[in-house]
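Trainee: Residue strings, one per chain:
There are 2 protein chains.
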Amino acid sequence: MGRIIVEVMPKPEILDPQGKAIAGALPHQGLNIFTDVRQGKRFELTVEGDVTEADLEAAKKAAETVLSNPVIEDVVGVYAEEQ
Amino acid sequence: MGRIIVEVMPKPEILDPQGKAIAGALPHQGLNIFTDVRQGKRFELTVEGDVTEADLEAAKKAAETVLSNPVIEDVVGVYAEEQ
Numbered sequence: 001m002g003r004i005i006v007e008v009m010p011k012p013e014i015l016d017p018q019g020k021a022i023a024g025a026l027p028h029q030g031l032n033i034f035t036d037v038r039q040g041k042r043f044e045l046t047v048e049g050d051v052t053e054a055d056l057e058a059a060k061k062a063a064e065t066v067l068s069n070p071v072i073e074d075v076v077g078v079y080a081e082e083q
Numbered sequence: 101m102g103r104i105i106v107e108v109m110p111k112p113e114i115l116d117p118q119g120k121a122i123a124g125a126l127p128h129q130g131l132n133i134f135t136d137v138r139q140g141k142r143f144e145l146t147v148e149g150d151v152t153e154a155d156l157e158a159a160k161k162a163a164e165t166v167l168s169n170p171v172i173e174d175v176v177g178v179y180a181e182e183q
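Heads up: the sequence lines are chains Y and S, in that order. Last residue of the first sequence: 83 (my numbering), numbering continuous. Last residue of the second sequence: 183 (my numbering), numbering continuous.
Next comes chain Y alone, as it looks inside the complex (with noise of 0.2 Å):
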């Protein structure tokens, strides 16, 4: 059973509310280090054996057309998680 890795985050230049919320809470903590916080979405995706070449393809085409949207987000890695 193999499991591939997708990560899609809001283009730089879309405002990111949710990050932003974040960043506010932050110092509440006590952590006021971070000048910036975004989020995005991670997904693992279960095939049945080992990743092969064709399995991540198939990774990469659904993470444009059905896990990101491609007008307010980029996909920033498609790989193999190590086992």
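Mixed in with the good hints there might be a few duds.
One-sided and incomplete, this derived list gives chain S residues near chain Y with beta-carbon spacing under 7 Å [claimed, not checked]:
no., residue
1, A125
2, L126
3, I133
4, D136
5, V137
6, G140
7, R142
8, F143
9, L156
Where chain S lies over chain Y, by a calculated footprint (3+ residues, C-beta under 8 Å) [what the hints assert, rightly or not]:
no., segment
10, 19 to 26
11, 35 to 48
12, 61 to 67
Worth flagging that the hints you see were computed from the coordinates, not collected in a lab. Quick reminder that beta carbons are idealized off the backbone N, C-alpha and C, glycines included.
Could you slot chain S onto chain Y? The hints should help.
Mentor: Chain S only, in chain Y's frame:
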């Protein structure tokens, strides 16, 4: 300017309706190879200068207190992004 990546996933025993919905949508794109899909969160925390050990410790504290809900989520990664 350094960046720390924090990765949060739903605990394995927790139902992930979003992941199930995606798993159901992928075959409509001709993508039938995935046996399971889970969706979590990916954060980018920016710090001034290079990432230090103290920064990583602060990111771990942020991960456990603000960025995740320990009852239903696991922090699965906290690391400095390669520049």
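Trainee: Does each hint hold? Answer for all of them.
Mentor: Verification of the supplied hints:
Proximity of S:A125 to chain Y holds as hinted, the smallest CB-CB distance being about 5 Å (cut-off 7 Å). For S:L126, the interface hint holds, the least distance from its beta-carbon to any beta-carbon of chain Y being 6 Å, beneath 7 Å. This hint holds: S:I133 has a C-beta 5 Å from the nearest C-beta of chain Y, less than the 7 Å allowed. Given the 7 Å rule on beta carbons, the hint for S:D136 holds: about 4 Å separates it from the nearest Cβ of chain Y.
Hint status for S:V137 relative to chain Y: holds, with the closest Cβ pair at about 6 Å, below 7 Å. With a cut of 7 Å, the hint placing S:G140 at the interface with chain Y holds, because the nearest CB-to-CB distance is about 5 Å. Taking 7 Å as the C-beta contact cut-off toward chain Y, the hint placing S:R142 at the interface holds, the least distance being around 4 Å. Annotation: S:F143 was flagged as interfacial toward chain Y, and the flag holds, the nearest CB pair being 5 Å apart, inside 7 Å.
Annotation: S:L156 was flagged as interfacial toward chain Y, and the flag is violated, the nearest CB pair being 11 Å apart, outside 7 Å. Counting residues of the segment 19 to 26 of chain Y whose C-beta lies closer than 8 Å to any C-beta of chain S gives 4; at least three are required, and the coverage claim holds. Look at the segment 35 to 48 of chain Y against chain S: 14 of its residues bring a Cβ nearer than 8 Å to a Cβ of that chain, three or more, so the hint holds. Coverage of the segment 61 to 67 of chain Y by chain S holds in this model, with 5 residues showing a Cβ closer than 8 Å to a Cβ of that chain against a need of three.
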